[in-house]
Amino acid sequence: MRPTRRRTRLLLAVSAAVAALAVPLGVHVARGADSGTPAAPPKPEPAGSECRTAIEGSRAVAYCHNPYPSTDLVQLHTECARWWDVDADGAAVAVAPGRTVRLEDRCWKEIATAWVSHRPAPL
701 MRPTRRRTRL LLAVSAAVAA LAVPLGVHVA RGADSGTPAA PPKPEPAGSE CRTAIEGSRA
761 VAYCHNPYPS TDLVQLHTEC ARWWDVDADG AAVAVAPGRT VRLEDRCWKE IATAWVSHRP
821 APL
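Under our numbering, think of the first position of the sequence shown as 701, with each following residue one higher.
No lab work stands behind these hints: they were computed from the structure.
Glycine is no exception: its CB is placed at the ideal position from the N, C-alpha and C atoms.
Some clues are possibly wrong.
What the hints assert, rightly or not - Distance windows between CB atoms, simulated:
hint : residue 1 : residue 2 : range
1    : PRO822    : ARG759    : 27 to 33 Å
2    : ALA796    : LYS743    : 37 to 43 Å
3    : LYS743    : LEU823    : 18 to 24 Å
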């Protein structure tokens, strides 16, 4: 074999060996293993209210209780069954920690669905 081919093969073999050693080292450093801290993301605080919604005829009522230490904003959404009846989104109500609120809305005729949306209160 010619010396040029040997050098090319040797250069390719050395490059492959360096890459094989560098990739695990890069992964090890990227995970933060050298810093001594775990790479797990921080756990979010529990938040949100528990809501129970009831529909009776043309009225919808929801009770929302917030057992967590942060304030939650809840909003009742009502979808009416008739096409000419106007769907409604109620005003957002702040539920303080340990409090219960009552949300209500109605349609002229029947209610198709009603649900409550949540979002954290601004600080």
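Pairwise beta carbon distance, PRO822 to ARG759, judged against the given window 27 to 33 Å: 31 Å, holds
Tell me if the beta carbons of LYS743 and LEU823 are separated by a distance inside 18 to 24 Å. Once the Cβ atoms are compared, 20 Å apart, the range 18 to 24 Å for LEU823 and LYS743 holds.
Between ALA796 and LYS743, is the Cβ distance one that fits in 37 to 43 Å? Because 23 Å falls outside the window, the suggested range is violated.
Hint compliance for this structure: hint 2 alone is broken.
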